[in-house]
Amino acid sequence: AQRVTQPEKLLSVFKGAPVELKCNYSYSGSPELFWYVQYSRQRLQLLLRHISRESIKGFTADLNKGETSFHLKKPFAQEEDSAMYYCALVPSTLGRLYFGRGTQLTVWP
Amino acid sequence: KAGVTQTPRYLIKTRGQQVTLSCSPISGHRSVSWYQQTPGQGLQFLFEYFSETQRNKGNFPGRFSGRQFSNSRSEMNVSTLELGDSALYLCASSLYSGSGNTIYFGEGSWLTVV
Numbered sequence: 001a002q003r004v005t006q007p008e009k010l011l012s013v014f015k016g017a018p019v020e021l022k023c024n025y026s027y028s029g030s031p032e033l034f035w036y037v038q039y040s041r042q043r044l045q046l047l048l049r050h051i052s053r054e055s056i057k058g059f060t061a062d063l064n065k066g067e068t069s070f071h072l073k074k075p076f077a078q079e080e081d082s083a084m085y086y087c088a089l090v091p092s093t094l095g096r097l098y099f100g101r102g103t104q105l106t107v108w109p
Numbered sequence: 110k111a112g113v114t115q116t117p118r119y120l121i122k123t124r125g126q127q128v129t130l131s132c133s134p135i136s137g138h139r140s141v142s143w144y145q146q147t148p149g150q151g152l153q154f155l156f157e158y159f160s161e162t163q164r165n166k167g168n169f170p171g172r173f174s175g176r177q178f179s180n181s182r183s184e185m186n187v188s189t190l191e192l193g194d195s196a197l198y199l200c201a202s203s204l205y206s207g208s209g210n211t212i213y214f215g216e217g218s219w220l221t222v223v
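Respectively, the protein sequence lines represent chains A and B. So in my numbering, the last spot in the first sequence is 109, and the numbers never skip. So in my numbering, the last spot in the second sequence is 223, and the numbers never skip.
Just chain A, same shape as in the assembly (with noise of 0.2 Å):
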């Protein structure tokens, strides 16, 4: 079965530091990684994907199959980071998404 575990539910760090959300999931065949992010009271906005490799706003996310991790990364946070972040999986080719918990981001001046 399809899970996705963010072990940390809260996750505060000062402006300036490295931050980096946990994700690791369990899936039998080869899934697709998500990051989405949540701002207060607005849409979950698309982050990232694994398969793009992209980097947005300056987050990046490496899919590790033998850990069956895709950790989330910043090298420098910053105060707008603030906000609910979810990892969130999909197999093979269907549409629906399978998340995580989520963990609420706060990065202090």
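Rather than coming from a laboratory, the hints here were simulated on the basis of the structure. Be aware that a few hints might be false.
Going by beta-carbon spacing under 8 Å, a handful of chain A positions derived as facing chain B [as the list claims (entries may be wrong)]:
1) Glu32
2) Leu44
3) Leu46
4) Arg49
5) Ile51
6) Lys73
7) Tyr86
8) Val90
9) Pro91
10) Arg96
11) Leu97
12) Phe99
13) Arg101
14) Gly102
All residues carry an ideal CB built from backbone N, CA and C; glycine is no exception.
Chain A is already provided as a structure; the job is to place chain B on it using the hints.
Just chain B now, with coordinates in the frame of chain A:
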């Protein structure tokens, strides 16, 4: 290019009533899925439609139903509303191509049941 459009954005209903929410996906996207978001339960999958067929269904009671039309627009219906149905209902539109899935969300419909 227009994004995912959900209507209505906000609504208040009374227990026992029913509600219909609408979602217009991004042009060209044939898959539409629905999620319920609450502070306690996070994001929970309701159902997914592709070309008017329900492909997946989450663990929600039969009071929750949906459908998709030939133009890919989708509606979800909740009958006999309960207080616990108060939530943000999110619609996602997706397109699968050679480079995988691209999935975008609408702003959601905030439902309050009183």
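Evaluation of the interface hint that places isoleucine 51 (chain A) against chain B, nearest CB under 8 Å: Hint holds; isoleucine 51 (chain A) Cβ to chain B Cβ min 4 Å, cut 8 Å.
Hint arginine 96 (chain A) vs chain B: min CB-CB distance below 8 Å? holds (5 Å)
So, phenylalanine 99 (chain A) near chain B? Judge it on the closest CB pair being under 8 Å. holds (4 Å)
Glycine 102 (chain A) as an interface hint toward chain B, with CB separation required under 8 Å: holds (6 Å)
Do the numbers back the hint for glutamate 32 (chain A), that is, is its least Cβ distance to chain B under 8 Å? This hint holds: glutamate 32 (chain A) lies near chain B, its Cβ roughly 5 Å from the closest one there, short of 8 Å.
If you take the shortest Cβ to Cβ gap from leucine 97 (chain A) to chain B, is it below 8 Å? holds (6 Å)
Hinted contact valine 90 (chain A) with chain B - closest CB pair below 8 Å: Holds, about 5 Å.
Quick one, is the arginine 101 (chain A) hint okay against chain B at 8 Å, beta carbons? holds (5 Å)
Closest C-beta approach of tyrosine 86 (chain A) to chain B relative to 8 Å, hint status: holds (7 Å)
Double-check lysine 73 (chain A) for me: the hint is only fine if its C-beta lies closer than 8 Å to a C-beta in chain B. violated (21 Å)
Satisfaction of the proline 91 (chain A) interface hint, Cβ to chain B closer than 8 Å: Not OK, violated: proline 91 (chain A) not within 8 Å of chain B, min 10 Å.
Satisfaction of the leucine 46 (chain A) interface hint, Cβ to chain B closer than 8 Å: Nearest chain B Cβ about 6 Å off; hint holds.
Hints 6, 9 from the earlier list are contradicted by this structure; the remaining hints agree with it.
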